[in-house]
Each structure stands twice: as structure tokens, then as C-alpha cells.
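**Student:** Okay, here's what each chain looks like letter by letter:
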Amino acid sequence: MLGQTEQTECSIRSETGWKSVTAMPMEAADIERLIVEAMPDATVTIEDLRGDGDHYSARVTSAAFKGKSRVQQHQMVYQALKGRMGDVLHALALQTSIPSDA
Amino acid sequence: MDSNPIFDRIRQDVTENEVVLFMKGTPVFPQCGFSATLVEVLSRIGVKFKGIDVLADPSLRDGIKSFSEWPTIPQLYVKGEFVGGCDIIREMHTSGELRKLLEEKGVEPVA
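First to last, the protein sequences are chains A and B. Each residue of the first sequence is one higher than the one before, starting from 1 at the first, in the working numbering. Each residue of the second sequence is one higher than the one before, starting from 1001 at the first, in the working numbering.
Isolated chain B (complex conformation):
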């Protein structure tokens, strides 16, 4: 397979934006509890992020699962690296690891 347009798009999104959340719905109107939880976590930490609604694009919804080798949504990317879904991010947030990771990667909170 020479090129996968969906993968190219995803790569572009996660490269051009420091923090990307592939989610169901939008940050203002999440369509799923797990996605809403991650929006809340990111808002608490005060970091700017791009929310990408996979419900708006079925090929993206499937594509991101193949790209990340992760079967569910939401998915959080920081500086191009897949950090985890809801369970992992929540655990990392509780332990303080998430804030630490963001700092290490040079992602500044806006608040």
C-alpha cells in the first residue's frame, strides 16, 4: 500500500497540533461519557487541545483505530505520540503523571 489518505490526515493532525483528542462529538458537545471525561481532564489541567469528532467521518473513525492500533475512542495524542484512552489518561491524571508528561513535552497550560 503506497499511501493511506486517512493515515496521512491523521499524521498531519497530530503533527500540526500539540495536543489532539480524537473523540465522539465536540469539546463543547461530547457525545459519549468517556470522551466527555477526557475533555474535562484536559480542561482541568488547562491545556489547549484540538478535538476531532470521529462521528463526523466514518472513515476517520475506523482509520484512527488502525493508525493507533487501539480499538476504542477517545484517543489522546501529545506531540504526535498516542498517550492513551480514557482509562489510561484518568489514571495518569490522578497520579500526576499526565501533568508531568505535558511538562516534559513542553506543552504549556493556558490557564
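Okay, chain A solo, but in the shape it has when bound:
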């Protein structure tokens, strides 16, 4: 429906009813869940910047970022969101870091 290859993505629809996926904003909990699914050791803090469910900031801390450039770290977070970035998720200000004990 979004032109993606995955076929079992129904969590968005079941949580908020039958709406056009491209029009529906994401919940902070969804963003966090997706990131943690892809990066189980990640600490994620999400803030809804305008209260409209469309402009978030996220701080993600994970040992998986070790040795990677900022671009690579952010790409990992975008990949965790499986195509939603730039689509149903309009803006996500990202800050990534590595845990001090990693």
C-alpha cells in the first residue's frame, strides 16, 4: 500500500482503526517500539515537538552504533522505521549516541 515490500505490516491499522495509512500520524510509542525491535539494547527517548504527532525528536543510545559514522547511525534508525520516515512520519530530529560503558 505504501509501495513497500513487507506484507505483514498491520500493526498501524489495528491500533487506530481503518484509516488511510499515509494520512495517519505515528504515535511516539510506535516509533520507540520499532527502534527497539531493530536494536534491542537501545535506550530511546521520544518527544512530540508540536503535539501534532507529526514532528518528533528522538534520542537513541545503543552499543550497535559503535564504530559507525553519524550518517550510518542515523541510517540504522531510519531502517528500523521500515520506510515510514519521510512517509507517514514527516519529521524526526535524531540524536544518536553510544553508551559510555560500551
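Please note: incorrect hints may appear among the correct ones.
[Stated by the list, open to error] In silico DSS-like links for lysine-lysine, alpha-carbon gap of 30 angstroms or less:
#1 B/Lys-1100 - A/Lys-82
#2 B/Lys-1079 - B/Lys-1105
#3 A/Lys-68 - B/Lys-1079
#4 A/Lys-66 - B/Lys-1065
#5 A/Lys-68 - A/Lys-82
#6 B/Lys-1065 - A/Lys-82
#7 B/Lys-1024 - A/Lys-82
Calculated directly from the structure, the hints in this document are not laboratory data.
Take the given structure of chain A and dock chain B to it, following the hints.
**Tutor:** Using the frame of chain A, we list chain B on its own:
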């Protein structure tokens, strides 16, 4: 796939110009806050850059996201290398890393 004309165009743009900003709108009239922020950062540092308006060309708007493997606009390229979007560039600017990177790559400020 033999050749992708959009990718070829992008490659040409980032090769022929030292600093390229793929953005929404133009440097004089940015159409998005994030793009405007990067224009401001580059202007502060005083480096000459080419602004490419992705709103003027939908195939470019999609193409640059595939080319860079980066889902959003704006995107900054320095000497053919993708350096980052708004968050990364802002962070690098605050820490002084951006100026340092430009120096290392031999990009001289005009100011």
C-alpha cells in the same frame, strides 16, 4: 539496471560542485525550515554552495533519497560525499566539526 539517468545527474552535480545542498526551495527562498537551517549554517561559515531544489523535480526528489539511502531532504554533499541532513550538520556545526571537515576537504570559505 544499466544506467539510471537521475543517478547520473546527481553524480554529475555532486562531482562538478564542491558543496551541494539538495533542498526544498532555493537558497534565497527556502520552502522548509530544515532546508532554511542548512542554508543559514552554510552562509554563516561563508562557504559557496549550489542549492538544488528538489521540489522542482519529483523524480529528483525521489532519486536523491535512493542515491543517498537517506529518506529526507535536505541533504548536504561535500566533494561528492554525503555528509548528512539537518540534524547531523547542525551538530557538526556546533561542535566545529563541519568547519574542520570543509578545511580538510580543501573547501575555502568565500568570506
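**Student:** Work down the list of hints and note, for each, if the structure agrees.
**Tutor:** Taking the hints in turn, this is what the structure says about them:
1. B/Lys-1100 - A/Lys-82: The given pair, whose Cα atoms are some 33 angstroms apart, is violated under the 30 angstroms limit.
2. B/Lys-1079 - B/Lys-1105: 7 angstroms, holds
3. A/Lys-68 - B/Lys-1079: 20 angstroms, holds
4. A/Lys-66 - B/Lys-1065: Judged against 30 angstroms, a Cα distance of about 25 angstroms means the pair holds.
5. A/Lys-68 - A/Lys-82: 20 angstroms, holds
6. B/Lys-1065 - A/Lys-82: Between B/Lys-1065 and A/Lys-82 the Cα gap is close to 14 angstroms, so the pair holds against 30 angstroms.
7. B/Lys-1024 - A/Lys-82: Holds: B/Lys-1024 and A/Lys-82 sit about 24 angstroms apart, inside 30 angstroms.
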